[in-house]
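Given next are the chains, with one letter for each unit.
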Amino acid sequence: MTENDLFYTRPELILSFSGLLLLLLAAWRPNWGRLICYISIAPLIAASYYAWVIMTNEAFEFGGDAFFGQYRADGFSSFSKLLIYLASAITLLIAPRFLEKKGVMKAEFPVLILFAAVGMGIMVSAVDLLSLYIGLELNSLAAYVLASFARNDVKSSEAGLKYFILGALASGILLFGISLVYGFTGSTSFLTINAALSGELSMGATFGIVFMLAGMAFKISAAPFHMWTPDVYEGAPTPITAFFASAPKVAATALLVRIVGEAFTNQVDAWQQIIIIVALMSIVVGALGAIGQKSLKRLLAYSSINNIGFILIGLAAASQIGVAALLVYLAIYVAMTLGGFICLMQFEDKDGTMRDDIDDIAGLSKHRPVLAAVFMIFMFSLAGIPPMFGFWGKLQIFQAAIAADLFPLAVIGIAASVIGAFYYLKVIKVMYFDKQVNVIADSNSRTLVWIGGILALFVSPLGYLSISILGKWSAVAGAFLFVNGG
Amino acid sequence: MNADFPILSMMLAVPLAAAMLCLVASAHSARFLALGATLINLLFGIWLWSRYEIGGAQWQFTESANLFGPIGWKLGIDGISLMLIMLSVFLMPICIGASWRAIKDRVSEYMAAFLLMEVLMIGVFAAQDLMLFYIFFEAGLIPMYLIIGIWGGTNRIYASYKFFLYTLLGSVLMLIAMIWMIQEAGTADIPTLLHYDFSKEAQTWLWLAFFASFAVKMPMWPVHTWLPDAHVQAPTAGSVILAGVLLKMGGYGFLRFSMPMFPDASAHFIWLIFGLSMVAVIYTSLVALVQQDMKKLIAYSSVAHMAIVTVGLFTFNQQGIEGAIIVMLSHGLVSGALFLCVGVIYDRLHTREIDRYGGLSINMPIYATFFLLFTMASIGLPGTSGFVGEFLALTGVYKVSTWAALICTTGIILGAAYMLYLYRRIAFGTQKNIDAAAMEDLDMREFWLLAPIAAAVMWMGIYPESFIAPIRDDVSKIVQRIEYATPALDGKFIANDPSTEQYRVGNESEVDSRIIESDASGSTQ
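Respectively, the protein sequence lines represent chains A and B. Per my numbering, the very first residue in the first sequence carries number 1; after that it's consecutive. Per my numbering, the very first residue in the second sequence carries number 487; after that it's consecutive.
Don't take each hint at face value.
[What the hints assert, rightly or not] Keeping only pairs whose Cα atoms sit at most 16 Å apart, straight-line, the calculated EDC-like set for lysine to aspartate or glutamate is:
| id | chain 1 | residue 1 | chain 2 | residue 2 |
| --- | --- | --- | --- | --- |
| 1 | B | LYS918 | B | GLU839 |
| 2 | A | LYS366 | B | ASP591 |
| 3 | A | LYS366 | A | ASP442 |
| 4 | B | LYS918 | B | ASP841 |
| 5 | A | LYS435 | B | ASP591 |
| 6 | A | LYS426 | A | ASP351 |
[To be verified] Below, a sample of chain B positions facing chain A; criterion: calculated Cβ distance under 8 Å:
| id | residue |
| --- | --- |
| 7 | PRO556 |
| 8 | ALA625 |
| 9 | LEU627 |
| 10 | LEU632 |
| 11 | ARG642 |
| 12 | TYR644 |
| 13 | TYR769 |
| 14 | VAL773 |
| 15 | LEU775 |
| 16 | VAL776 |
By construction, these hints were calculated from the structure, which means they are not laboratory data. Quick reminder that beta carbons are idealized off the backbone N, C-alpha and C, glycines included.
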């Protein structure tokens, strides 16, 4: 272990140690849940600072390896980490009130989020199959517990169990792929694997790649491996669903990008078709599946499947522009999806019960005009209708696809986005065109209003002012992948 | 105001700011706020027109700012954009006035939606960056979806969905084409792209992608079916703005993008355009003949008029294109006014069924006079704006194809049939319905909504030079660019056509003399 190892892994070190300290605190003061939530934001900010330094400081222009090539800190990992930490911090801000209301607030909650963040940080920095798996499992273990955090709620327990069983299955598939790849290349390091995979691809290695991609598709909930998503999203407490839909998605997507962009760049043909099919299936399944949904949480779950499809189009381009576009999309997606769930959390009736049925928000624009307008902004943005900022993400993705000459993919993908627009429009129709039912009571949570409002401003046309910043750093981040192949 | 004043940005900023204010204002103040903002924009528009230098630089009032990274905030107008912007700013205060009493529910949101619509319409016509254009073009769906859906008639939800999804499906293909063009040409600057030569094969695909969008927006047969629904369900002012300006975006798109950027493909597909337009003229006119709903009838007549626009545009000659633009302007005024006329009696009787009226010329003489004027303008009677546009457009068509001219003219005769039939049933005959006979004539507000349009229609009919002069040079530049591709059809007047020579730009002395001429004509107005 050298000084460099400790320097580059600072975000993870900070988060791990604060997680342990806060766990101790949680053990002695089990009622301090809310306070510990707010305290945990500090280590996230500190970790973000170091991620920011690595990304922006010229001295780390080429990134740096730690622990003998197990871990890499570079622009790509830092960009992803910033998104992950931001999403985690927002979850910590919005969750306490909700969990307290449900009577399930425990001091362990923020600690689990912190450990999940550590795992996700390792995932996006992993350049070795071993560290990849450690990061993935660290995050998943925390996530399984989080899904069933409302222990007295049957649906939440069911969500946790489902998530655990299917997640374990996915990990098994991934591990099987890893073992095949290791067996046929003789190494767990991405760079060595990439070198070993040049030339003719053996049958075993192909199977390894396919199994690894299938396992990863599970984790990012891309069709046809998406079945767990609606159930888990519906069952888990809403702030935790918001967390699942944002941070781990970023981490798993970044991990997938890192694998194919660093370990498989010599075999683009082997994985590109898979990604294309998975992308198109996700877009279509996400769009069609959402149409019949009554539950807004399930609807947003399908929306996240749909969005993953667009993100994968950026990956299918197999280029640095594609990765940059994907990161821009992820950043906007995180804002849109968190914002959507924050709106959902404000849909509660006079007794304080969450109302998640689409009919309950009928005519919402009459008695809660601002909330309805904000939710409308998120819906139009998710649908990718200009001038909302979601359009910019889609535009970037399709630009990358066209630069890579993937015309059929671009045309089918964008045509399928029209199907998706249908159910986003349906939500708006219910809020604006339908008769008022007056179920939703006034919200008194200022945190939700403020965070939701800020996110809405970001995805509104004002977001276009951030294009140059987003573009600059996503390009920096994208340049670390597909170095020789793309 | 000096020459560097960012007038176009101001024209976007004023309604945008007013829209934001409207959202927090009370119903009463929102009305005045909206009216004030649209009137200010009208003044800006008049100033713009007065300062527009005919025969000067092709792109005037250009602005450029590096606000949004790769999406350039580039604005600028030529004569064609100027005329369409004038149409938008002219119709907007009238729309606000038309909604003054008809809209009682959620007034502030309504006014905000209309002001946003104005921002986006001006943006579409002024954008000089391909992506900026797309954003404005597409963003218009959101306020219109809300206007139809919230304040529309009984079947409004179906109509709003149909409107949104139809137009969106058309536009996304155009987006893909635009991305490809930007990557191929290395720029999104529209004036540069106008002179970029795409390969013939690429042109075909790009043309089809743009066609998918503009044909829906226009709308051309057979993708017009969203229009009657949207028109019938939209509130009066929504119909006015839809027919008046939104449909013109399709024609503007053909003129600005499809033709000058892909001349070979335009020539290649000329029979597609002609064929669809000829079917549209005859078919929709026949459909209009049997309508029982006034708004539906006018909606179908819009499709027929837009078909004249498309044939006029694709004639590849000066008269045809000028005529098409004048038809666009004239139809914007006339169909807007006709929808207002329908709105006037709808507000009194709350039905659009033609049979519920009759003999209105007896109890509503002023109304009947206005309605007659706009009916005649829609038919294309000499002295009204409709005649100028249709005559020029058909002259242009005749030079290209006598058959197409024959069929389109038949359509115009049918147009006279359904409009006169409509007018007879509503204004003439006996007062068979007691409630309709008891209706009062126009009040002051309604009179002042219709009077300016009537004046504009007459002006355009009697002295069209004011409207043709600003567009003449721009049209001739387009013609010059695409002339080489003119397909040889059955037209008899292609060879040695002196009328094309007459407008050719490039001969310096001729240009100069024309500038002097137009200056002279400008000062005599």
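Structure-based check of all given hints:
1. Restraint check: the Cα-Cα separation between LYS918/B and GLU839/B comes to about 14 Å, which is no more than 16 Å; the hinted pair holds.
2. For the proposed pair LYS366/A and ASP591/B, the alpha carbon gap of about 10 Å is at most 16 Å, so the pair holds.
3. Under the criterion of a C-alpha separation no larger than 16 Å, the hint pairing LYS366/A with ASP442/A is consistent with the structure, at around 12 Å.
4. With a C-alpha separation of about 9 Å, the suggested pairing of LYS918/B with ASP841/B holds against the 16 Å cut-off.
5. The suggested pairing of LYS435/A with ASP591/B holds, with an alpha-carbon distance near 13 Å, which does not exceed 16 Å.
6. For the given pair, LYS426/A sits about 27 Å from ASP351/A by alpha-carbon distance, which is inconsistent with the 16 Å threshold.
7. Using the Cβ-Cβ criterion of 8 Å, the hint placing PRO556/B at the interface with chain A is satisfied: the shortest such distance is roughly 7 Å.
8. This hint holds: ALA625/B has a C-beta 4 Å from the nearest C-beta of chain A, less than the 8 Å allowed.
9. Contact between LEU627/B and chain A, as hinted, is supported at the beta carbon level, the nearest pair being about 7 Å apart and thus within 8 Å.
10. Because the closest C-beta pair between LEU632/B and chain A is about 6 Å apart, less than 8 Å, the hint holds.
11. Satisfaction of the interface hint for ARG642/B is found here, the shortest Cβ-Cβ separation to chain A being roughly 7 Å, below the 8 Å cut-off.
12. Because the beta carbon of TYR644/B sits about 10 Å from the nearest beta carbon in chain A, more than 8 Å, this interface hint is broken.
13. Because the closest C-beta pair between TYR769/B and chain A is about 27 Å apart, greater than 8 Å, the hint is violated.
14. Hint status for VAL773/B: violated, given a least beta-carbon distance of 27 Å to chain A, over 8 Å.
15. The restraint placing LEU775/B at the interface with chain A is violated, with a minimum CB-CB distance near 33 Å, outside the 8 Å limit.
16. Given the 8 Å rule on beta carbons, the hint for VAL776/B is violated: about 31 Å separates it from the nearest Cβ of chain A.
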